[in-house]
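So the protein sequences, as listed, match chains H and E.
My numbering numbers the first residue of the first sequence as 46 and each following residue consecutively.
My numbering numbers the first residue of the second sequence as 576 and each following residue consecutively.
Watch out, some of these pointers could steer you wrong.
Once the Cα atoms are required to be at most 27 Å apart in a straight line, the calculated DSS-like pairs of lysine-lysine come out as [to be verified]:
no. : chain 1 : residue 1 : chain 2 : residue 2
1   : H       : K311      : E       : K719
2   : E       : K631      : E       : K661
3   : H       : K229      : H       : K256
4   : E       : K661      : H       : K256
5   : H       : K256      : H       : K311
6   : H       : K274      : E       : K719
7   : E       : K719      : H       : K256
Simulated from the structure, these hints should not be mistaken for lab results.
Read off the chains here:
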Amino acid sequence: MAKPKVAFYWCASCGGCEEAVVDLNEDLLKVADAVEIVFWPVALDFKRKDVAALRDGEIAVSFINGAVRTEEQEEMVELLRKKSGLVVAFGSCAHLGGIPGLGNFWTRDTIFQRVYKEVPSVENPEGIVPQEKTGIGIGELTLPEFYDTVKTLDQTIPVDYYLPGCPPPPDLIMNAVNAILTGKLPEKGAVLAPDKALCDTCPRAERKPDKLSIKEIKRPYEVKLDPEKCFLEDGVICLGPVTRSGCGETCIRANMPCRGCMGPVKGVIDQGAKGLSMIASVLGLEGEDKMAEEDIKELIDRLVDPAGTFYRFSLAASPLARRRME
Amino acid sequence: MTVRGQPIRVSELDTNFKREIIAREADCDITACFSCATCTSGCPIHEVYPQLDPRKIARMVNLGMRERALSSSYIWYCSDCWLCEKRCPQNVKFSSVWDVLKDIATKEGYPPPVSIDEDMCSGCGICVASCPYAAIEFRRQNGKRLAHLVTALCRGCGVCGAACPSAAISVNLFEDQQLFSQIEAPVA
Numbered sequence: 046m047a048k049p050k051v052a053f054y055w056c057a058s059c060g061g062c063e064e065a066v067v068d069l070n071e072d073l074l075k076v077a078d079a080v081e082i083v084f085w086p087v088a089l090d091f092k093r094k095d096v097a098a099l100r101d102g103e104i105a106v107s108f109i110n111g112a113v114r115t116e117e118q119e120e121m122v123e124l125l126r127k128k129s130g131l132v133v134a135f136g137s138c139a140h141l142g143g144i145p146g147l148g149n150f151w152t153r154d155t156i157f158q159r160v161y162k163e164v165p166s167v168e169n170p171e172g173i174v175p176q177e178k179t180g181i182g183i184g185e186l187t188l189p190e191f192y193d194t195v196k197t198l199d200q201t202i203p204v205d206y207y208l209p210g211c212p213p214p215p216d217l218i219m220n221a222v223n224a225i226l227t228g229k230l231p232e233k234g235a236v237l238a239p240d241k242a243l244c245d246t247c248p249r250a251e252r253k254p255d256k257l258s259i260k261e262i263k264r265p266y267e268v269k270l271d272p273e274k275c276f277l278e279d280g281v282i283c284l285g286p287v288t289r290s291g292c293g294e295t296c297i298r299a300n301m302p303c304r305g306c307m308g309p310v311k312g313v314i315d316q317g318a319k320g321l322s323m324i325a326s327v328l329g330l331e332g333e334d335k336m337a338e339e340d341i342k343e344l345i346d347r348l349v350d351p352a353g354t355f356y357r358f359s360l361a362a363s364p365l366a367r368r369r370m371e
Numbered sequence: 576m577t578v579r580g581q582p583i584r585v586s587e588l589d590t591n592f593k594r595e596i597i598a599r600e601a602d603c604d605i606t607a608c609f610s611c612a613t614c615t616s617g618c619p620i621h622e623v624y625p626q627l628d629p630r631k632i633a634r635m636v637n638l639g640m641r642e643r644a645l646s647s648s649y650i651w652y653c654s655d656c657w658l659c660e661k662r663c664p665q666n667v668k669f670s671s672v673w674d675v676l677k678d679i680a681t682k683e684g685y686p687p688p689v690s691i692d693e694d695m696c697s698g699c700g701i702c703v704a705s706c707p708y709a710a711i712e713f714r715r716q717n718g719k720r721l722a723h724l725v726t727a728l729c730r731g732c733g734v735c736g737a738a739c740p741s742a743a744i745s746v747n748l749f750e751d752q753q754l755f756s757q758i759e760a761p762v763a
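With the rest of the complex left out, here is chain H (with noise of 0.2 Å):
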């Protein structure tokens, strides 16, 4: 029996994913031995012209990873829809947008004024910007447009199933491999990993205080984090009560708090609005009641960047989706 056909893209991405399939170390040997891949541009040598070739759904499924920021992603991530049976949104950023979704705090032109003329390490006296088109003597080039909003994958294309995380923990992907091998996947849309919130894992919660109360707001350089200690119980802005389970708590064993990279548990749309609600519903709780309004803004005022600390992986996802456009 012929091999089933697998394909890897890359869209508005770090790289970290593509690493994230290197971590499955020798699982991958085993993985390359179930499959054949197609199309892989950070390791194999295919091009466009060879998917274009295949027949519509000739590959298995193609993991795509990254958010769709320029025309050019668009454009393959439809063709691989086309041509793949099913298609699998690997990692943060092509399941909610992630870290490039923060982009649409802003616009292209906001963005390319300050990449390519303010600055500090940028010399441009002429104030060049990309173009879709540049006349050169002999000719012309050009460059796929850039975006003003970041999608996830799933405002683009039709999408199977969702392996989160920043990125998707090898354990994750190994599963999500074999449920796909072995046919045994579940309902099409779900994220394959648990659906519980971070805390029902957590290291650390057997030592989480029955009731909590943040007294004042810290940023994780304000406080000498004790390894056992519930974060929130200091004061640090966790995202653990609000993001899905399955991440190996490698954040929190490292001693740092959850930022909220595998997305809102099931049932829940909206991660950053659930963030905040979450942060005002236990900021403050001791006396409260004794507190003016100044107090209180005072309190709140403590949180730098909310929108950041709370939207950092799924703000393209929200309803919110964008700053409004001018």
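Fit chain E to the given chain H structure using the hints.
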């Protein structure tokens, strides 16, 4: 118990019920109500659930249909928007009436429709911390903490449902549709 659509039996009525309510809160003089239905016509909950009707609850109280009034989900679905009270031509302080009814209902074993889905609870503790009535406590199961609702203390305020980051707490009285209706009601 009187069944919907059946005759009301005078022998089953608790004619003292309205006085019991007024005794608890003096401004609850619901006897002034003559069922004009101005309250119902503005009620955002009635917009979403036509079977829930403040006028009928008021009538039940006045007639002494104790069990029906206390077991009605209306008192928990009420969002305390106070439109009924503001619009009442007889100045019945409905917000106090609903409050007293909630008190009595809780005591007599008609709890608000709140439930916690243990399969989704991660034991994060946000609900335990934020419940103003201390009605949620932790119970241990297989070495893990799970939120547990103490129905006798719950007043159905909905804070836990809004705060739960896992969507594990369902507070039937605060569905999105109701909230949208409440936003629209004062605007209309």
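**Q.** Violations among the numbered hints
**A.** Going through the list in order, the structure violates hints 3, 4 and respects the others.
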